[in-house]
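Once you have looked at the hints, place chains B, C and D on chain A.
Protein sequences, first through last, are from chains A, B, C and D. Under full-length UniProt numbering, the first residue of the first sequence is numbered 1, with each subsequent residue one higher. Under full-length UniProt numbering, the first residue of the second sequence is numbered 1, with each subsequent residue one higher. Under full-length UniProt numbering, the first residue of the third sequence is numbered 1, with each subsequent residue one higher. Under full-length UniProt numbering, the first residue of the fourth sequence is numbered 1, with each subsequent residue one higher.
Keep in mind that the hints were calculated from the coordinates and are not lab data. Certain hints may be false.
[As the list claims (entries may be wrong)] To spell it out: a stretch of chain D is covered by chain A in this simulated footprint if at least three of its residues, at any positions, have a beta carbon under 8 Å from a beta carbon of chain A; those stretches are:
| id | region |
| --- | --- |
| 1 | 13–25 |
| 2 | 135–144 |
[As the list claims (entries may be wrong)] Derived DEER-like restraints, expressed as beta-carbon distance ranges:
| id | chain 1 | residue 1 | chain 2 | residue 2 | range |
| --- | --- | --- | --- | --- | --- |
| 3 | B | F195 | A | V88 | 38 to 46 Å |
| 4 | D | E176 | B | N154 | 46 to 54 Å |
| 5 | D | K229 | A | E176 | 56 to 64 Å |
| 6 | C | A253 | B | Q87 | 29 to 37 Å |
Backbone N, C-alpha and C define an ideal beta-carbon position, used for all residues, glycine too.
This is what each chain is made of:
4 protein chains.
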Amino acid sequence: MAKSKFEYVRLFETEDRCLPNTWIVVRVDGKGFHKFSAEHGFVKPNDGRSLSLMSHAATAVMEEFKDICLAYGQSDEYSFIFRKGTQVYSRRSSKLATNVCSLFTSAFVFHWNEHFPTLKPLYPPVFDGRTVLYPSDQNMKDYLAWRQADCHINNLYNTTFWALIQKGGLSPSEAELKLRGTLAGEKNELLFSQFGINYNNEPEMVRKGTILVRRRTPVPLPSGGTREKSQIFREYRDVIGEDFWEENSHLLAA
Amino acid sequence: MAKSKFEYVRLFETEDRCLPNTWIVVRVDGKGFHKFSAEHGFVKPNDGRSLSLMSHAATAVMEEFKDICLAYGQSDEYSFIFRKGTQVYSRRSSKLATNVCSLFTSAFVFHWNEHFPTLKPLYPPVFDGRTVLYPSDQNMKDYLAWRQADCHINNLYNTTFWALIQKGGLSPSEAELKLRGTLAGEKNELLFSQFGINYNNEPEMVRKGTILVRRRTPVPLPSGGTREKSQIFREYRDVIGEDFWEENSHLLAA
Amino acid sequence: MAKSKFEYVRLFETEDRCLPNTWIVVRVDGKGFHKFSAEHGFVKPNDGRSLSLMSHAATAVMEEFKDICLAYGQSDEYSFIFRKGTQVYSRRSSKLATNVCSLFTSAFVFHWNEHFPTLKPLYPPVFDGRTVLYPSDQNMKDYLAWRQADCHINNLYNTTFWALIQKGGLSPSEAELKLRGTLAGEKNELLFSQFGINYNNEPEMVRKGTILVRRRTPVPLPSGGTREKSQIFREYRDVIGEDFWEENSHLLAA
Amino acid sequence: MAKSKFEYVRLFETEDRCLPNTWIVVRVDGKGFHKFSAEHGFVKPNDGRSLSLMSHAATAVMEEFKDICLAYGQSDEYSFIFRKGTQVYSRRSSKLATNVCSLFTSAFVFHWNEHFPTLKPLYPPVFDGRTVLYPSDQNMKDYLAWRQADCHINNLYNTTFWALIQKGGLSPSEAELKLRGTLAGEKNELLFSQFGINYNNEPEMVRKGTILVRRRTPVPLPSGGTREKSQIFREYRDVIGEDFWEENSHLLAA
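Bound conformation, chain A alone (with noise of 0.2 Å):
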């Protein structure tokens, strides 16, 4: 088709390719969800609505991108990792990132109403994105555990917080002045001893965060017998230590 004499314009578009052979990993997150969830009434400390609702979104990502070979959520976030030798968009960054942000905004507002079917959201949420390469398995590894762990600080604090809040009666600038400086075990004791709460038998999936993995399994035939086929599947567990790797060690294959 013809062109214009403007066209020189596409000359100042700059090349963002990924570093080959190397883990890249989108990460999305809420753009001001404090404020989203206050807004909207989100239960605290964990709105199991929102969760699911994230989830749902982030397996839409990895339907259409078959390259995301896992994913990890927790509160307003989603990583997205895809695996290293991935030529999706000839693996440039801006291409990955928007595309997975625009699809995990698109599928969060699409599905709003299948998780808060008594609720309409009252402006656009936003989730801003960005891509990090990781070059050896063992650096993906500790960035995922990097998220579990910041998911197992928070959940801790959040839960404490709330339960000071909603069943001892402190306002929240008590709560905080209560917690702060507080260690894992002083909010383990004080969650047990003054509201019979023991963390460690809260719901997983708010204690861990949301796992989605890409697995082959067996798929029945009509005709009988079985065939593979590619599926996801949502997990809550850890993913620091080496249990979930040997058990998915496909992941770590090129």
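Showing chains B, C and D alone in chain A's frame:
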């Protein structure tokens, strides 16, 4: 708050600040919108509902990012021009691209019903995004001229193509064959002689695309008198040529 | 020619083209030249031989790269300004930085004897290099002004510092202590009252640094008449302020 | 020290840190060395003086940068491998490339006389430099294998090409024509049948290139006994295949 030993993985994040004193353009583009519009039965060659939804979403982006002084949209794409001196998100390229892209997408789905009251989206629509830098005012103007020239070229083609099909009874491949290699003048002539369409009388919105321009205007006060307020105006007109820039010289101020 | 199966490793090379229509500055800086100059007994505060060798090397760089329109040197550093539109090495940042840096270094060692006829270098001197982009003419002028202001600040300090040592009999640490926190006016006053030195009478080369500017000038032809030829001129003068740019407006032409 | 109002231009400098935990390779390449070697009458196909000067310069680089664990040179190029974990210059890509490139160039000119005692360089030789990242050990090994395979391919060609000219009396263009499209086996055969040259008996330095490897070795102490000391060894051998890496497994330790 406590930090884990995995925290080191943050060091793998890279900085991507845009060169200072340079126009930042973020363009969002519909992903697979040829298919999306066909599956949703969009009117051809232009569906007014879709174009107004696009501009609605773009306006939401401009309301959020006050440093976007100008936006230009056509077909399934929208370009946002941040003023040269913006410091939003420390000018980080991926932060800007993903935030704009996510908000645009979110608003597109959120406001869908207002523009397509009787049609539900079949699946979540996706837009990708990219950041491009333009050092001089002329380069930035030429960028917009490039997109508007592209709008003209594509819309003249599409108008003729769909006239041949809808009014001329041709199949898509017959229409394509008939138009192959034709110049603009020949398409104009064909439209007029065969279908009585004077292309220049087609709506400016489809011939020129949509401009969203931020401008300070006097707003009446209850007490009488006025005060200046920043507002977003929607216009359909040439950005190729100097008229637009002479009337909007405030856009080129630092 | 035949290619090996290892050829794939070329895909790990990244593109680093500089933004078009932007001033490219490559600055080379002596590595550890404080020590280098001490070990070679350079005259303090300024060794004319070293400065003339620096400018000799810089001239070699400008003779090789015709798109360098201007260079500025002071102390152990030299900045090279490529014209905005240069396409040399496809504007690849590392190609430009390493070529300029290597040629500068090479010429510095190669021409050493011409400037230090009785002194042999004890070991190979090293210069690092970097590429910086400036989108507007004003930014580029301000870059040069920054380097020249730096030259002034450092040279006034060094002139006073070494006068205190060489003529005032102070030790380096006593001189440093005496100058700590002094303003420019105080240093000027100290130089004049204590050593009879009027700083403004110091050679312009050390107060202003060295400018290498490319200019077309008429060259006489054997046949009579003249023709325009591009030549490199060495000058010691202000680049802060508009005089230089008014007299050298050709530098700002695309 | 005082700062000028022009200081803001520093903000235009960009960060270019290399991805952590990744092999950093800096390769320097002679610029226009085909012409340089012709003008200096280098012996063809290989000039031992030039190769030994190259390795001398490369050794100077390795002595300065202790985090370079390995270097490989052939013809007019040298590659330097920084260990994965190096923090030298905060892993800034251009700092590494320009420093290595400048020191290599400087040492090349500085030590010229020791290798070419009767020949003066006609003008300053130049080497460009680039930084490339390799995430896995295998990628880094394959990089070296790529350069060594290149050495083999080029040297076999050049050996045959120059035999045809020097011993066979062909012109360069006749020799080129004769070799066009020939496979390695055919060149070997031609060398042997026509000139009695068994290519495998050519010196390993020209067939394999030069490896500089850093190794800790026991050094005798005056008091008797030994202590471990890091030393640089020069070797001519295969890096393709696992033998080299098994004998030098310390190179792959973090």
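Tested hints:
1. 13–25: Holds: 4 residues of the region 13–25 of chain D have a Cβ under 8 Å from chain A.
2. 135–144: Since three or more residues must qualify, the claim that chain A covers the region 135–144 of chain D holds, with 3 doing so at under 8 Å.
3. B:F195 - A:V88: 38 to 46 Å: holds (43 Å)
4. D:E176 - B:N154: 46 to 54 Å: holds (50 Å)
5. D:K229 - A:E176: 56 to 64 Å: For E176 (chain A) against K229 (chain D), whose Cβ atoms are near 58 Å apart, the range 56 to 64 Å holds.
6. C:A253 - B:Q87: 29 to 37 Å: Once the Cβ atoms are compared, 32 Å apart, the range 29 to 37 Å for Q87 (chain B) and A253 (chain C) holds.
When held up to the earlier numbered hints, the structure conflicts with none and fits them all.
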